[in-house]
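S.K.: Chains X and B, in that order, give the protein sequences. The working numbering numbers the first residue of the first sequence as 1 and each following residue consecutively. The working numbering numbers the first residue of the second sequence as 1001 and each following residue consecutively.
In short, the hints are calculated from the structure, not lab data. Hints may be right or wrong, so weigh each one.
Computed beta-carbon distance windows for the label pairs [as the list claims (entries may be wrong)]: (1) X:Ala10 to B:Ser1073: 37 to 43 Å; (2) B:Val1037 to X:Asn13: 30 to 36 Å; (3) X:Ala10 to B:Asn1165: 16 to 22 Å; (4) X:Leu47 to B:Ile1116: 20 to 26 Å; (5) X:Leu47 to B:Ser1002: 24 to 30 Å; (6) X:Gly6 to B:Leu1023: 18 to 24 Å; (7) X:Asn32 to B:Leu1023: 36 to 42 Å.
Sample of chain X residues lacking proximity to chain B, with all beta carbon distances greater than 12 Å (derived) [said to hold, decoys possible]: (8) Leu4; (9) Gly6; (10) Leu38; (11) Thr42.
Cβ atoms here follow ideal geometry from the backbone N, Cα and C, with glycine treated the same way.
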Amino acid sequence: MDSLFGAIAAIINLNHPGTFIHWGWFQISVANLLVICLMILTFVVALFVPFPGRSKRRGGDK
Amino acid sequence: MSVDTEISRQWTTRVRKGVVDYLPPDKMLPDTQPNYVASWIYVFGVTTLAAMIIVIGTGCILAIEGPLWWHHSTLGHFVNSMHLWSCEIFFFAMVVHLWGKYFMAAWRGKRAMTWITGVVVFVTSIATAFTGYVSQTNFDSQWISTQAKDGINSTGAGAFWNVLNLGQMLMWHIVLLPIVATLLVALHVVLVRHRGVVPPFDEAAIKAAKSGTAPKEVAS
């Protein structure tokens, strides 16, 4: 079990100081930038991916 | 005075009638939803709510054992990680929910108070998360609190809200702010159920045209 956890943990090694990106006065950690990008991606996907069972619901107000 | 009149004047009767009139049980827990709710963009509110339940549950377990438990116990570390990651999901889902509601102008149709309570919950949640970060009892919390104190002191709030005071921050994190956040979320959900989920623009225009209130319903 420990080796399984070790393998999962080894995918991304977080045991080091954060990496930061600078654009002039603007500074952001890679972790925060990644989360913001994932939120934007999730938002876009949520808008365009069809919801399961949507076609069955069509035709009525409720 | 008859018994019926006396009963109808009791505060318990009046409160019960008021509550049921404002939010009948079939509106509070409806069996069906309008067609337009069948979209992924509508799931992030309830995802936020589900994550909040996990945050509070794991927070209660951490409160039983105390703020140092997670440093020396693998179970404590696990519960602490559950608390952190459910908090991450809570904010992630809340931000996507906020974007979705912003772009569909979810304050339309007399839903302004629903929008406002949502915004206040968002701000309260940031304060709750902040007090959690400074209550970790590790170098990270020391760094965050010593950096934050200058900013907070510059506002004058540092006179009574000391981010270097672990006891004060922990009490705000586990008592005051969760109470405020939970009450506001409850109010937010009640308002959502009372007014119903905001319809898309085209759907609102059709409904308004049918009822003859087109400009007001669409614009307000």
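S.K.: Does each hint fit the structure? Answer for all of them.
M.R.: Consistency of the hints with the structure:
no.: 1; hint: X:Ala10 to B:Ser1073: 37 to 43 Å; verdict: 24 Å, violated
no.: 2; hint: B:Val1037 to X:Asn13: 30 to 36 Å; verdict: 42 Å, violated
no.: 3; hint: X:Ala10 to B:Asn1165: 16 to 22 Å; verdict: 39 Å, violated
no.: 4; hint: X:Leu47 to B:Ile1116: 20 to 26 Å; verdict: 25 Å, holds
no.: 5; hint: X:Leu47 to B:Ser1002: 24 to 30 Å; verdict: 59 Å, violated
no.: 6; hint: X:Gly6 to B:Leu1023: 18 to 24 Å; verdict: 51 Å, violated
no.: 7; hint: X:Asn32 to B:Leu1023: 36 to 42 Å; verdict: 39 Å, holds
no.: 8; hint: Leu4; verdict: 15 Å, holds
no.: 9; hint: Gly6; verdict: 14 Å, holds
no.: 10; hint: Leu38; verdict: 7 Å, violated
no.: 11; hint: Thr42; verdict: 5 Å, violated
In terms of the numbered hints stated before, the structure departs from hints 1, 2, 3, 5, 6, 10, 11, listed from lowest to highest.
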